[in-house]
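**Q** Note that the protein sequences, when read in sequence, are chains A and B. Going by this note's numbering, the first sequence opens with residue 1, and the numbers climb by one from there. Going by this note's numbering, the second sequence opens with residue 1, and the numbers climb by one from there.
I should point out that these hints are in silico values taken from the structure, not numbers from a laboratory. Because the structure is a prediction, the values reported are computed rather than measured. All residues carry an ideal CB built from backbone N, CA and C; glycine is no exception. Treat the hints with caution; some may be incorrect.
Said to hold, decoys possible - Using 20 angstroms as the maximum straight-line C-alpha spacing, the simulated EDC-like pairs for lysine to aspartate or glutamate come out as follows:
(1) B:K279 - A:E88
(2) B:K149 - A:E53
(3) B:K280 - A:E72
(4) A:K48 - B:E50
(5) B:K149 - A:E72
(6) B:K280 - B:E262
(7) A:K108 - A:D61
(8) B:K280 - A:D64
(9) B:K212 - B:E262
(10) B:K280 - A:E86
(11) B:K202 - A:E86
(12) B:K203 - A:E86
As the list claims (entries may be wrong) - Per label pair, the in silico range of CB-to-CB distance:
(13) B:K338 - A:A83: 42 to 52 angstroms
(14) A:K27 - B:T359: 31 to 41 angstroms
(15) A:T91 - B:G47: 47 to 57 angstroms
(16) A:K92 - B:K279: 18 to 28 angstroms
(17) A:E86 - B:D332: 52 to 62 angstroms
Said to hold, decoys possible - Here chain A is said to cover these stretches of chain B; the calculated rule only asks that three of the stretch's residues, wherever they fall, bring their Cβ under 8 angstroms from a Cβ of chain A:
(18) 143-153
(19) 335-344
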Amino acid sequence: MKIAKFLLILVYVYFLSPQSLIADDAKMIKGLEIFNETAGCAGCHVLKAAGSEGNVGPNLDTVDLTIESVVEMVTYGLGVMPAYGEEEILTKEEIEIVSYFVANTAGK
Amino acid sequence: MNKKKQKLNLNRRNFLTGTASLAGIAATASVVPISIVNANHTEGSKGLPEFISWKDRDALIVHSDKGIETHRSAIGESLITPNRNVYIRNNMPTMTDYQIGNKNNWKVSIQGVKNPKTFTLGQLKKLGHTTMATILQCSGNGRGFFEHKVRGSQWKTGAAACVLWTGVPLMKVVEACGGINGDAVFMTSAGVDHEPTGLDPKKAMVERSVPKKVYQDAMLAWEMNGVPLPNAHGGPLRMVTPGYFGINNVKHLGKVAFTTEESSVKYMKTSYRISPIGKKGPQYPSCWEMPVKSWITRPTDETGTVKAGKVQIVGVAMGGTRKVRSVKVSVDGGKSWKRAKFVGPDLGKYAWRQFVLETTLASGTYNIASLASNGPDKQPELRMENRRGYAHNGWKDHSVNITVV
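Just chain A, same shape as in the assembly:
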């Protein structure tokens, strides 16, 4: 009975917890690094989780984003934002990682 209850709680925590609970640590660390240094996203965006205060692009603390939408934006750019994928500034893997980081921290 106790095991059943434990499993129920586990299932509950897994499905109903914020996405950050199941975030992959290594990806988040690497994503933060890309955000702040490799790609320099911090220079243009506010994101509390990165400690950044740039004011060119949207304040990422004010928007809810999916990983897919961030990947799209980072790959193809918009306005003054470079097309990090098309212009090969970041690798596909780097884009996926930084997008994972942003989607897990933006709008929180």
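Assemble chain B onto chain A, guided by the hints.
**A** Relative to the frame of chain A, chain B by itself:
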């Protein structure tokens, strides 16, 4: 990098405690030095960015702190959209009072004329004075109706406003400079709001070329709806290009040049091009003239259920660069149409007209649409599919579903 990771000390426990911890960790982390202006973008008390904390939060849909839309029902039932309800779409950070300094000393240079000159705002005010109503509309207004994945704010109808501008006709300024050089083809306007960012002007400067003929009706505006042009809308001086999409109405204006070539900056060369889905490039048309368009503002799904009986169906209609001639309204999804009546003052071909159709509706659900014509052109039923979701004027997507009880 290793040093950074040590400093961050990120481990599962940090992440399990959620983003509040992340923020705290990051606050102590070494991040890239940031020299970008950040004085005016913090969140204000009403859930709006500080630089527009004077706006009416209830009238606005906040897509981000840089993209803020007016509710369909809040564009202004008395023709002019109040400043507190006007949408926000800025490519560069809004300049601060500190960056702008004494507004009367704001400078704009006029080039590509017989006698190039630089005028202060104070000097411009002595050259001429007029007031004109125009529609300010983001090129992507209606993007939210496109079904392919379009990057950018998902505007529906509210990236548009009808505004009274006060300033000097550009013709007067050109006259004061001895006229335009003979070989000019374009009027090219440039903002200076990229300068505080330190970013590469080729990528960040909002410099837009439009056909030279636009100068005949254009103006340099310092007032918006009777008050000094707010910084958030490009104050203290803005180009107004009547009938042309918002991006051409350059904010924080620093230069007007009559040129033989289009500007080569990114915002002209590759951005704001209406290209097929999957294609892009400077060979495609730029977002210049706005097409004929209309939409219902009341009743809508925002205004709740409608009481059966007599109903006033109200909306706005614009002709683009021509005067809007007629509007028809359908309450059955476009199967049949009735001509609506224009009401309120006619503020010229560049302003929108309010229209109303009085009708009687019984209980049920209705799809209400409007269809405007400027004579040669009328709204198409469907949107023109394009990569970035620009220039949408199809009537079907802009229709509204209402419930009458």
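**Q** All the hints need checking, so say for each whether the structure fits it.
**A** Results of checking the hints against the structure:
Among the hinted pairs, B:K279 with A:E88 is consistent with the structure: their alpha-carbon atoms are about 18 angstroms apart, no more than 20 angstroms. Our distance criterion of 20 angstroms between C-alpha atoms is broken by B:K149 and A:E53, whose separation comes to about 28 angstroms. Note on B:K280 and A:E72: the hinted pairing holds, with a Cα-Cα distance of about 15 angstroms set against a maximum of 20 angstroms. Of the pairs offered as hints, the one joining A:K48 and B:E50 holds, with about 17 angstroms between alpha carbons and a cut-off of 20 angstroms not exceeded.
Our distance criterion of 20 angstroms between C-alpha atoms is met by B:K149 and A:E72, whose separation comes to about 9 angstroms. In summary, the hint linking B:K280 to B:E262 is supported, as the alpha carbons are separated by about 17 angstroms, within the 20 angstroms threshold. At roughly 6 angstroms between alpha-carbon atoms, A:K108 and A:D61 fall within 20 angstroms of each other, so this suggested pair holds. Taking the CA atoms of B:K280 and A:D64, the gap is about 27 angstroms. The hint is violated against a cut of 20 angstroms.
Taking the CA atoms of B:K212 and B:E262, the gap is near 11 angstroms; set against the 20 angstroms cutoff, the hint holds. Straight-line distance between C-alpha atoms of B:K280 and A:E86 comes to about 12 angstroms, which keeps the hinted pair within the 20 angstroms bound. Taking the CA atoms of B:K202 and A:E86, the gap is near 18 angstroms; set against the 20 angstroms cutoff, the hint holds. In summary, the hint linking B:K203 to A:E86 is supported, as the alpha carbons are separated by about 16 angstroms, within the 20 angstroms threshold.
Hint check: B:K338 to A:A83, Cβ distance near 48 angstroms, so the stated range 42 to 52 angstroms holds. One distance hint, 31 to 41 angstroms for the beta-carbon pair A:K27 and B:T359, is violated here, with the actual separation near 57 angstroms. One distance hint, 47 to 57 angstroms for the beta-carbon pair A:T91 and B:G47, is violated here, with the actual separation near 37 angstroms. For A:K92 paired with B:K279, a C-beta distance near 22 angstroms keeps the hint of 18 to 28 angstroms intact.
For the hinted restraint 52 to 62 angstroms between A:E86 and B:D332, the CB-CB distance of approximately 45 angstroms leaves it violated. Using a Cβ-Cβ cut-off of 8 angstroms, 3 residues of the segment 143-153 of chain B lie near chain A, which meets the minimum of three, so the contact claim holds. Check on the segment 335-344 of chain B: 0 of its residues sit with their Cβ under 8 angstroms from a Cβ of chain A, so the three-residue criterion for coverage is violated.
Comparing the model with each earlier hint shows violations of hints 2, 8, 14, 15, 17 and 19; every other hint is respected.
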